[in-house]
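Protein chains in written order, with this note's numbering: chain P, 892 to 1160; chain U, 31 to 209.
Simulated from the structure, these hints should not be mistaken for lab results.
As the structure is a prediction and not an experimental result, all values here were calculated from the model.
Among the clues, some could well be false.
[As the list claims (entries may be wrong)] Selected chain U positions facing chain P (in silico; Cβ < 10 Å):
1. 47
2. 49
3. 50
4. 105
5. 152
[Claimed, not checked] Lysine-lysine pairs mimicking DSS-like chemistry, simulated, CA-CA at most 27 Å apart:
6. P:1075 / U:103
7. P:1075 / P:1065
8. U:103 / P:965
9. P:1065 / U:162
[To be verified] What follows is a set of in silico ranges between Cβ atoms, one per label pair, in the way DEER data are often shown:
10. P:933 / U:75: 50 to 58 Å
11. P:964 / U:169: 33 to 41 Å
12. P:928 / U:160: 22 to 30 Å
13. P:1150 / U:160: 35 to 43 Å
14. P:1144 / U:174: 14 to 22 Å
15. P:1041 / U:75: 37 to 45 Å
16. U:169 / P:1155: 28 to 36 Å
17. P:1147 / U:160: 27 to 35 Å
18. P:1100 / U:74: 23 to 31 Å
19. U:75 / P:916: 29 to 37 Å
Yeah, the Cβ is synthetic: ideal placement off N, Cα and C, and Gly gets one too.
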Amino acid sequence: MSVIPENTAMDAPISDEILMAYADGALPPAEREAVSKALAQSPELMQRLESFLFTRGPMPRVFDAALAAPIPEKLLAILRAPSPPASARPAPARGSSILAQLAATFRMAVFSPAGAMATLVVGVAAGWLLQSGTRSDLVRLDIHGLTATASLQRALETAPPGGSVAVAGGLSLKPTLTFRSTAKSWCRQFDLVDPQGAQATGIACREGGVWHVIAQTGAAPAASSDGKIVPADRPESILDSLRAELKEGDALGRADEDALVRRHWRDGP
Amino acid sequence: MTDEFRTRMVELLPRLRRFAVALTGDLDQGDDLVQETCMRALSRVDQWQPGTRLDSWMYRIAQNLWLDRMRAKRVRGVQVDVEAADLLASPNGRSVVESRLTLQAVAAAMEHLPDEQRALIALVCIDGLSYKEAAEITQTPIGTVMSRLARARRELHARLEGEVRGPSVRAQQKPGGDA
Chain P
892 MSVIPENTAM DAPISDEILM AYADGALPPA EREAVSKALA QSPELMQRLE
942 SFLFTRGPMP RVFDAALAAP IPEKLLAILR APSPPASARP APARGSSILA
992 QLAATFRMAV FSPAGAMATL VVGVAAGWLL QSGTRSDLVR LDIHGLTATA
1042 SLQRALETAP PGGSVAVAGG LSLKPTLTFR STAKSWCRQF DLVDPQGAQA
1092 TGIACREGGV WHVIAQTGAA PAASSDGKIV PADRPESILD SLRAELKEGD
1142 ALGRADEDAL VRRHWRDGP
Chain U
31 MTDEFRTRMV ELLPRLRRFA VALTGDLDQG DDLVQETCMR ALSRVDQWQP
81 GTRLDSWMYR IAQNLWLDRM RAKRVRGVQV DVEAADLLAS PNGRSVVESR
131 LTLQAVAAAM EHLPDEQRAL IALVCIDGLS YKEAAEITQT PIGTVMSRLA
181 RARRELHARL EGEVRGPSVR AQQKPGGDA
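So that you can see chain P by itself, here it is in the shape it has in the complex:
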């Protein structure tokens, strides 16, 4: 396939796209020849070519260190792990709860019948959200996990894309990303900002009309006195991983998100 439009005559001014293809060695021989001739006659053209040679030659080499760097064990471990047959995987059926799915994905304990739990994500969540009286107004720890209480429910339910809604204790919530989970729930990633500017970020999913906070990390240090809470040294990356596991398809664009909020989270019109 030629990268040059058919009606491009070579005596016409040579476009940047053609010069780029020349620098990349992507032109068919005849066109390549014609560009070479034009370059020999035009210092201006030669100067334009320089951008494309530079960005293909010297510039990309700075990234080659990554090719040679030893591969971290954590990456190899992921790929080396024995792969159970799909049928034997503990993955829950579609439509099962987000928490069950999370537990399966991360092979973590989730709520025992007694309601005790020891999960990383909820641990991180509890650390920030339950550490002060004010914040514990936002979530209630129950058998379903951390259920957002009224003010957080309302904020998650109604905050428009890019908007900000006040919740309890002077905190305000700002949704940053809205997406469909693999369990077909709607989920929102959000930031919570307190009056001092401390910021936490979390993910909540809507099941049965109720928002459950499934992960929450914060700028505020997590309460770790019980030793159960795993310090989130890179809280963002924990959330990124979670979202990557949960999300199905692309995140909603602004218009779709806005429409969804207006429809009170009911599926398409």
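Knowing the structure of chain P, use the given hints to seat chain U on it.
The following block gives chain U in isolation, referenced to the frame of chain P:
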């Protein structure tokens, strides 16, 4: 099938890491992205069609994960780290191209590009894929790929070298709409 899949993923890791570093701008964040990409890929082995290119499939996963991250970050209003851009300042007038063409400098210059252009730079200039392959991975028409890529490369060159030559280089850039 799965064991072969894992083996091929391991073989792909060095290139995938370089691609991720090019997108994120540093090795640690790049490795986080690679990790996520591998986990996502493993959980969706059944969606990969044997006989198609594994690298393109993985790059597409990585690119989409990264675009989501960038979007979340941008909505949040996190400021781009402009200090990194100051690395480009060249007080003694020596050529940035000669003396400061470092990963940090290139990454800082790339941060000024729109996400889509950054992804194209990573795919074509850094990984060496063809325009057609990049078009398939980004699901963008090839003409758009070429015009975006040409613009991104002029911009990067101007940023990385323009500090030495002065603003005239940038002034030469044609304004113009995307294809």
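Evaluated hints:
no., hint, result
1, 47, "5 Å, holds"
2, 49, "9 Å, holds"
3, 50, "8 Å, holds"
4, 105, "4 Å, holds"
5, 152, "8 Å, holds"
6, P:1075 / U:103, "24 Å, holds"
7, P:1075 / P:1065, "22 Å, holds"
8, U:103 / P:965, "25 Å, holds"
9, P:1065 / U:162, "39 Å, violated"
10, P:933 / U:75: 50 to 58 Å, "52 Å, holds"
11, P:964 / U:169: 33 to 41 Å, "34 Å, holds"
12, P:928 / U:160: 22 to 30 Å, "25 Å, holds"
13, P:1150 / U:160: 35 to 43 Å, "38 Å, holds"
14, P:1144 / U:174: 14 to 22 Å, "18 Å, holds"
15, P:1041 / U:75: 37 to 45 Å, "42 Å, holds"
16, U:169 / P:1155: 28 to 36 Å, "32 Å, holds"
17, P:1147 / U:160: 27 to 35 Å, "33 Å, holds"
18, P:1100 / U:74: 23 to 31 Å, "29 Å, holds"
19, U:75 / P:916: 29 to 37 Å, "35 Å, holds"
Of the hints listed earlier, the one the structure fails to meet is number 9.
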